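In terms of the working numbering, the sequence shown opens at residue 35 and continues consecutively.
Be aware that one or more of the hints could be misleading.
Here are the computed distance ranges between Cβ atoms for each label pair [stated by the list, open to error]:
1) 103 - 152: 20 to 30 Å
2) 151 - 95: 30 to 40 Å
3) 63 - 89: 29 to 39 Å
4) 104 - 151: 13 to 23 Å
5) 101 - 50: 36 to 46 Å
6) 72 - 97: 23 to 33 Å
7) 110 - 77: 43 to 53 Å
8) 61 - 102: 19 to 29 Å
9) 104 - 176: 30 to 40 Å
10) 178 - 50: 38 to 48 Å
11) 76 - 101: 20 to 30 Å
For lysine-lysine, the following DSSO-like pairs were computed, each having C-alpha atoms within a straight-line distance of at most 30 Å [as the list claims (entries may be wrong)]:
12) 115 - 93
13) 115 - 98
14) 98 - 114
The set of hints was computed from the structure by calculation and includes no laboratory data. None of the values given here were measured: they were computed from a predicted structure. Glycine included, C-beta positions come from ideal geometry on N, C-alpha and C.
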Amino acid sequence: MRSKLADAYYIRFTHQAGFEVSSTTRYTGTMEACILATRDWTAGEIVQYCSGAIVDLTKEDDAKLKSEGRDFSVMVSTRKKCTCLFLGPARFMNHDCDANCEFMTPQNSTISFKVQRDIRRGEEMTVYYGDHYFGSDNCECRCLSCER
């Protein structure tokens, strides 16, 4: 029997998902993942199949990941008041200060997204990570909105 997390990865390969995990070099110049819309999306829609799970990290696990420079998909949950590992295809949703999606937490340890403004097919789907994720007031942010 497959797990819910495995199902979250499998469903993204179906036409009904409405997104695909693709690649981009725009943020660091190296190949990284991104989420692209495979259909037009309307504000208010739920991106049902781009979901993820949040797993609490111990202080020891968090310190080890940071010391190894492996802090990708590590986030601080203000609701849970701890550091968490973000798993599933949703972890590939990149940040933009003028994001077209927003985080939703339908259950305690899951994340999905709601479309904030219309998205065209082929456009990157993004979410706002927070005010200080990229330094104080996001001063180190490299998103498209900050680049403009």
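Legend entry - Distance restraint hint 20 to 30 Å, applied to the beta-carbon atoms of residue 76 and residue 101: 44 Å, violated
Legend entry - Satisfaction of hint between residue 93 and residue 115, Cα-Cα up to 30 Å: 12 Å, holds
Inset, instruction - With respect to the beta-carbon atoms only, verify the hint that residue 110 and residue 77 lie 43 to 53 Å apart. - result: With a Cβ separation near 28 Å, residue 110 and residue 77 fall outside 43 to 53 Å, so the hint is violated.
Inset, instruction - Could you say whether the range 20 to 30 Å given as a hint is met by the Cβ separation of residue 103 and residue 152? - result: With Cβ atoms ~38 Å apart, the hint is violated.
Legend entry - Satisfaction of the hinted span 23 to 33 Å by the C-beta atoms belonging to residue 72 and residue 97: 39 Å, violated
Inset, instruction - For the pair we were handed, residue 115 and residue 98, check the Cα-Cα distance against 30 Å. - result: 19 Å, holds
Legend entry - Distance restraint between residue 98 and residue 114, which requires alpha-carbon spacing of 30 Å or less: 20 Å, holds
Inset, instruction - Go ahead and decide if the range 13 to 23 Å is satisfied by the Cβ distance of residue 104 to residue 151. - result: 33 Å, violated
Inset, instruction - Could you see if the CB distance from residue 63 to residue 89 stays within 29 to 39 Å? - result: This hint holds: roughly 30 Å between Cβ atoms.
Legend entry - 19 to 29 Å as the expected CB spacing between residue 102 and residue 61, which holds or is violated: Distance hint for residue 61, residue 102 holds at roughly 21 Å.
Inset, instruction - Could you check the hint for me, namely that residue 178 and residue 50 are 38 to 48 Å apart, CB to CB? - result: Since residue 178 and residue 50 have Cβ atoms about 28 Å apart, the given range 38 to 48 Å is violated.
Legend entry - Outcome for the supplied range 36 to 46 Å, where the beta carbon pair is residue 101 and residue 50: Taking Cβ atoms as reference, residue 101 and residue 50 lie about 41 Å apart, which means the hint holds.
The structure shown violates the earlier hints numbered 1, 4, 6, 7, 9, 10, 11.
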